[in-house]
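**Q** Residues per chain are reported as follows:
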Amino acid sequence: MISLHVHSNYSLLQGTIRVEDLVDYAEKEGSSFVALTDTNVMYGLIKLAKLAVAKKIKPILGVLIDDPNNIDEHCIFLAKNNKGYSQICRFITDRNIREDFSISELFLEDLENMFLITSSLELLKKIEYTPIVKKNLFVELFVTKKWKPKVRQLYEFAREQNLEIVATHPAYFYKAEDYELHKVVSAIKKNTTLAKLEDTDIVDPEFYLRTPEEFGKLWKSLPEVISNAERIVKECNVDLELGKYKFPHFPLPNTESDAFNYLSRICGTELRKKYTVLTTQIRERLEYELRVIDQQGFTDYFLVVWEIIKEAHKRNALTVGRGSAANSLVAYCLNFHQVDPIAHNLYFERFLNMARTSPPDIDIDFSWAERDDIVKYVFQRFGYDRVAMISTMITFRARSAFREVAKIFGLSETKISQYRKHIPWTSAKNLPTIYEHFPESKSLKYDFTTEPLKSIVEIASRLSEFPRHISIHPGGIVIAPSLITNFTALEYAANKGIGIIVTQPDMYSIEDIGLVKIDLLSQRSLGVLRDSIDMITQNVSETESI
Amino acid sequence: MLDLRKYNITKKDDKSVSITRIFSKLQRKQRFDIYDYNMLFQDEKTKKIIRNGSTLGCFYIESPGMRSLLKKLNCDTFEMLVAASSIIRPGVAESGMMQEFIARHKDPQKRKYLVPEMEKYLGESYGVMIYQEDVIKVAHHIAGLSLEEADLLRRAMSGKMRSSKTMELLHDNFFLTAKGKKLPDDIIKELWRQISSFAGYAFCKAHSASFALLSFQVAYLKAHYPAEFLASVLSNRGGYYSAAVYIHECKRLGLNVFLPCVNKSKIKYYGKDKYLSIGLMAVKRLSRKTMLNITGERAKNGKYTSLGDFVDRVDIAPKETELLIKCGAFDFLEQSRPALMWLSYFCFKSKNTIQYSLFDNEEYLLSQGFMNIPQYQVAQICAVEYETFGFLVSHHPLDFFAKFINHKKIVKAKDMSNYNGKVIKMIGWFMTSKRIKTRKGKIMKFLSLEDLSGTFEAVLFPNVYSLYAEETLSAGAFGIVGRVDTDNGNNIVVERIKALSTKELQTEQTKDSAENIYYGEVDAVHDEEFELSKSLNKKIINSLYGKGA
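These protein sequence lines map, in sequence, to chains A and B. With my numbering applied, the first sequence covers 1 to 546. With my numbering applied, the second sequence covers 1 to 549.
Don't read these hints as lab results, they were simulated from the structure. Treat the hints with care, as some may be off.
As the list claims (entries may be wrong) - Straight-line alpha carbon distances no greater than 27 Å define the calculated BS3-like cross-link-like pairs of lysine-lysine that follow: (1) A/K429 to B/K440; (2) A/K445 to B/K434; (3) B/K437 to A/K445; (4) A/K244 to A/K50; (5) A/K246 to A/K50; (6) B/K440 to A/K421; (7) A/K274 to B/K47; (8) B/K442 to A/K421; (9) B/K440 to A/K445.
To be verified - If you want the footprint, here are the derived chain A segments under chain B, 3+ residues with CB under 8 Å: (10) 313-327; (11) 413-426; (12) 434-440.
Glycine included, every Cβ here is placed at the ideal spot set by N, Cα and C.
If we strip away everything but chain B, and leave its shape as in the complex, we get (with noise of 0.2 Å):
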């Protein structure tokens, strides 16, 4: 067939489905418009990773504890990811709140409405208020308070002024308003109970749904794209994860990862098909200005043809040249790494004298039996990969730990589930961590593991983290001994644990849930507005009890 590049001219591509919205420019040719959300929502592959939490690198709904919640609720609606995006904010799933809806939702007969009304409310949470807008619908339409008020009840029992006397007046109002709707007492106290219960944790849903779009469309790119949405993490420098978590997930998925090349390599990560090719932006210490000038130099002229070649024709320092050689941007040549790094040194040698010409050098050069330096030993390629990225891409860091994870008594992560409430010894590299204070102030750990063949938690109990807290403070591998959790087959409880590698976390310990406890979202409240909504709701207040009320 003709290749049509070749004149410059672009086929038409009459099977695309052009949709004009508002972001027209991304529409202009794949077969599929990621705005149109009625075909993402019902998109089965799509319905698939999130089902599984396979969700690594999706906005929202790609942390340890999100993907694990996805398979617990085996959700697939976007009605349930924005639910269970919002009863996993930290600090809610420590009230109880997430528990009560999981087992609400797995169990029908638990699901229970106060009055036989709030079905029709809460019918899509099974009752529970997990959202901001749920207390405001509980509020004025089985309690009858405005909206405006229902509001700032919400608000006001998420903030300070919960025991505030302004609120007492809050409080007589929904029982007044309540009872004007016929509510019995010892009903209308337990509507009051539950709501101040729900409302210090409820979410807004609103901002849940919005990020919630996103979440599915970045899921679909993942089924049906992933190595360009993988590639486009990457390059984006990922979300939750380290660069490195994400190309060992390339890797479980099937996709071959290629090391940076001068002659293939773009800046930035690129994906196709079963590939993904690290981008020369990976190499860290390579400046931008030298990024260009290699891409830019191979577009105008061609592809490199010999380390003299890119010597000559790219305006690039030895040190960075000996970057690339080292990493094995030129392994094209098919030459050993230590060679290309003595010919670099020829390379520039004479590039400063221009008494001859290059390419004849390195052919002598080579013929003077330059091939025959062995290539670099594994140990010191990994090395230099992680020098270099900050992440191993020939081999898994755990490969070094051979002895260990082939061990006939080390459990692998896909045949936990096989051991579910038995103690068990497992091998694992650091992916991430998350330490949250329990409702008793107790601060506790979640590791987040890999081995070669999946991911898994290490969950560490107060009594088990007081112990070996400090041996945590690491970012490598780690032996553990442990019972398989039986809610959740991919949890293992940890009972003793152990560093493996001396490798320290890198990055610093930010802000996490130990020190911020959520409370939900506490928005400022003034006593004015205690006296604006009290004048608001005059009107209903009238229409129930008539003007000599």
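Same shape as in the complex, but just chain A (with noise of 0.2 Å):
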């Protein structure tokens, strides 16, 4: 038995655990199954479900909501099945975005496929018990020295009420001595010094990952904590079907009945207005191409193409692809790219063939200026509840590391962005060494290896590719067949203003979820050629005129 309660590093700068180590961790510990419970994210959730599917352990998809006004009512949401977890991944999304977002309306909701773990005795106090709740709700006990007190109330209020109460462990750091880490990228997220770190912005030192000898030890006396974990575990079974395409539907306009059809049809016509000659081998390759993208299910998704570009188009976008589309005669007939494939001898097999599973990348560039456009009739045409952009998660590397912890360490800002010049762009894990790696860091070699350099650089090191903050994809944006929500959590990209909303988990996991992106990049050579035609067009007719 190891813990329902667990927070990776996606609880940014708050958890420290990276999500490969956890399951590595549950497989050396020979659990069966792996839990994952960030707080208010799901960042890590298809990645943890990857790993552990890899492994053959079963992954626990969960996440832990806690109250935008008061921190202190929280509860873990653990998905029993699909329908749980895309009713986890609306709940998050809920909080992040809704601004009268409180959590006692969770429990209003349709509980039925989910577990619901807390150990706020506010929220206990605070809900209403329906039926439904009642089955599924369970109380957490957990052993700390400092929360002792408290978990003995909780187990009272449970033994009151006559609810279910389960064992787990919360856990924001691997080994005891982590603590020191989480300690610093509390004090980053505080934008405060170590020295200043107060009691409140901390956990308890005890969060770390505990062993199932201890969860055996300390429930001796009370089985039925185990037991009630155990059978959450066996309920639990989601299965995200990581790897198969969920593509996007068309819409086909009511004269026609069936995508395929359509599509031929549109690069029939565009072919015949491509080429004045139409050869036997120009048909007959169009007739192949269009057969392997409708084998390989992606008729709905090229359709979604078109019209995007169409649209464009429409509106006097410049557009350039770029990828290996520009290997399909059927990319160009459908104008995604300007370059004939047959005239410079292009490979359709490059861009698409019947032994690939992984699905071919669209990408059009667009004039900056053009491209916002674009990417909102995307959200209309295709609607909201099911567009959404893509994030990238910014994560820790040599320089930012290497200032952030610094800045804790209570080194002035002057000073940091003197020795941060000398630090290139590389991984946060060579910082201790650095003036071996890189002749523009060698004057570094005295001070990073004296006090209180030395720490810093050693600490910074540790936090090499923890994630640091979302931000929001150049140009990814992805079509669901269905609510979005069903598939991922969505918040605000904070810092690119109000308004773009985007995925939670990043590309990679969006790729693995099945998702098919479409990558809109805004491209500025477009907008010197649009701005030099405007230009070029005024200054002739001006110079004609006079």
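Need the complex rebuilt from these two chains, each delivered in its own frame; the hints are there to steer you.
**A** So this is what it looks like as structure tokens:
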């Protein structure tokens, strides 16, 4: 038995466990399952599921949601099945996006498909105990020196109210000694120095991963809490169908009944426009490509992209296609790009073939001024509830890790930027010996091997690849076949102004869960082309009218 | 001649060729169709600037390395441009593939084809498999794999599947089908070796081709309409280089660069014929709203006749007005900038009291001797320009190093090629830099520099770089002692380097190829794909060996 309540480093600047390490830990301890319950986010859930399934360990997918107005009211939601997973995605989305969100209203939802685990007495005293809540709710019990009195209260409350109880152990760091790292990230989060960090800013020093032996010993006298945990694990069975595509549906016009016929007809018409002489070779190639596209299930996807491009061109936007799509005659006919694949002897198989299991990448560049307009169109055309921009997770690299850690040690900004200048773009792992790796870092040798910088770079290197904050992917947009929140939670991309909603998982997780992305990127040179032509047109007409 | 614009009638342009394509709006008036690729590919002026590497500002082909490669290859066709932009990818150049291609390009004797038939497929690249599509072609047409399997082979070779067990299956199939095509064993072996050495670095041709079309389009614009083109590059906030580099490029191309002017400037940069006028957008700290106020009011009620008139008509803060005065946006008033600064103070003071007409006041003040306040010193003007725009307009920063640059021992960029193989001294101003990791894992740097006569590349090989790395963290003027590269007269191989100014590199060093070694496009490959492709290829194997085999 290991804990059902675990925070990875995706509980940003709070948890310090890497998802990879968590899965390895479960394997090492011989656990049949591994759970992840980050605070208000699901950044790591798909990754956890993927890693766990690969090791034949059951992933328990969950989240800890707290109340925005009172963080002492919180509850863990664990998905029993796919429906529960979708619901959790929606709960997280609500928590992040809705301004009037309050946790107690979640208890009015249909909670049949999830387990609820909470150690918040305040919440327990507040919620409405519907039969479903009663059935799926567990009062969370764990043992640490600090929490003892509170947990006793919880236990008594559960007995009084006749509520189920379960043993967990909130984990925010891997080993007891990683408490130090938790303090470091907490100070970064609080934007304060280590010296000024207060007790309320950090969690219990005992919140590390407890081993199955520890669990056994602690709860010997109350076996019920362990067997309840086991029952929860047994009843949680989410299958995200990783690797299986969830293609968007193309809404056919009323006059059409079949997507493949429709796509074929569009391509046929365009083909006659592109080639004055239609050879058998060209015709056969088009038919062959269409067949492969259809057999691989991409027909709707191509129609979706076609409609986006068509609308862009209708609005006089300039586009250029990137990636391997220019190998395809179909893509040429649909105006995804302007390269004639026949004339330039390009191979469709490089783009798509029957033996490929990965989706083709269709990336379109727009001038930066016109792109936002098209993105907006995609939301309108395919539905705000089905479309989202993809996020990207900014992680700690050498420079950022150094800066943040040096700051919490009280180093001045001037001093920090002096050192930073000598740190090239590299992994934070290299920091302690950076003067050996890079010629421009040579002069750091003395300082980096002397206190306090010695400790600073040591600690900073441990933050290597830690997620720092979420940002927006430069162009990735995803269209889901049904509600987007059935697959992923959403949040605001804070750094890009209000209004842009992004998926919580990054592009890799989005790909793993099978949603197909389209890249609509912004390309300055198209802006240059547009502006030049406009200016020339204007200048020429002015000259000629004189 | 009658000015038709006055009557709001647009003149019909009979000479224009209107081609309605998907981008119909672009072709209404000008006499060329920027989407007529055949015209672009044959345009002499365009070909010439590509061939000469005069492509600063042109999408995808403006980096120093690319411009030097274009010159080396004497590249002026679309096909060659596609090849050039593929082989210059980070990592590829270091793999030796680029050098091999250049050698074969220059010397037809070196073009080798393992099997004569290969010339048909790889003739365009002289037998070097520079494209991922080439790997597919060879594996399919020469060795007889199915196209699916050929693509799988390409992907597997570029990724971590390279040493896997399933890869062995592919290897066996390759030898089997190649044998079926009656190729001798040693040739098959060599073919496999070549594919494995090229596959990892090959680049997607379709991608390069798509981008190269845009390169040709913008190169055409630069060749024929440099003023409009560079104005647009600057308005779109440049590409590979900082704005300063493009401003200096304008000057090298003989364009007059005008400072912003409240009576002439638009928000964006504007270019025509032989001049480029800097847009209001270049004035840092001037709010977008103010820019719109200035241009909007001017369009509505005409030019500003005095500072008072401007202050009266435009909703603008005193600070912003001072910013504009200091950078020369009121020079048309023919007063010294310090005088205008004083005047501005009184203008705003009286704007707030509205006791008497601003115009009377201004004339009065000017008659009181404000005219005699002398102009700022040159150095101060430059300092203001740098502070306001981030670049210098009235001077090149190297002008302040006159003592050095005019020294007779200092060689100018345009004269470098006269010193091939010799050790010379040069002075250059920072344009951009590139750090790379060599095949042996050592770090080196290319510094792109310019002097008043042109641009050049300072190459710091690892042994020299390890000594001067920290010296090259600055972004101003550099003094260099080095040997002119015999192979490329525009490169100087640095022996010693010194930063002459204390200007620090402004931009954060971000990702560069020293950290991100490029191993070609690494696509994901899954084991099941090997199984899939194996089943697909059964037909070919059967046809080769018959059912009994």
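**Q** Against each hint, give a clear statement of whether it holds in the structure.
**A** Checked hints:
1. At roughly 21 Å between alpha-carbon atoms, A/K429 and B/K440 fall within 27 Å of each other, so this suggested pair holds.
2. As the CA atoms of A/K445 and B/K434 are separated by approximately 24 Å, the hinted pair is consistent with the 27 Å bound.
3. For the suggested pair B/K437 and A/K445, the alpha carbons sit about 21 Å apart, so the restraint of at most 27 Å is met.
4. Restraint check: the Cα-Cα separation between A/K244 and A/K50 comes to about 13 Å, which is no more than 27 Å; the hinted pair holds.
5. In summary, the hint linking A/K246 to A/K50 is supported, as the alpha carbons are separated by about 17 Å, within the 27 Å threshold.
6. Using a Cα cut-off of 27 Å, the hinted pair B/K440 and A/K421 holds, with the two alpha carbons roughly 25 Å apart.
7. The hinted pair formed by A/K274 and B/K47 meets the criterion: a straight-line CA distance of about 26 Å does not exceed 27 Å.
8. Pair hint B/K442 plus A/K421 holds up; C-alpha atoms about 20 Å apart against a cutoff of 27 Å.
9. A hinted pair counts as satisfied when its Cα atoms are at most 27 Å apart, and B/K440 with A/K445 qualifies at roughly 23 Å.
10. As drawn, the stretch 313-327 of chain A meets chain B at 11 residues by the rule of a beta-carbon pair under 8 Å; at three or more, the given contact holds.
11. Check result for the stretch 413-426 of chain A against chain B: holds, 5 residues qualifying (beta carbon to beta carbon below 8 Å, three or more required).
12. With 3 residues carrying a beta carbon less than 8 Å from a beta carbon of chain B, the stretch 434-440 of chain A meets the three-residue requirement, and the given coverage holds.
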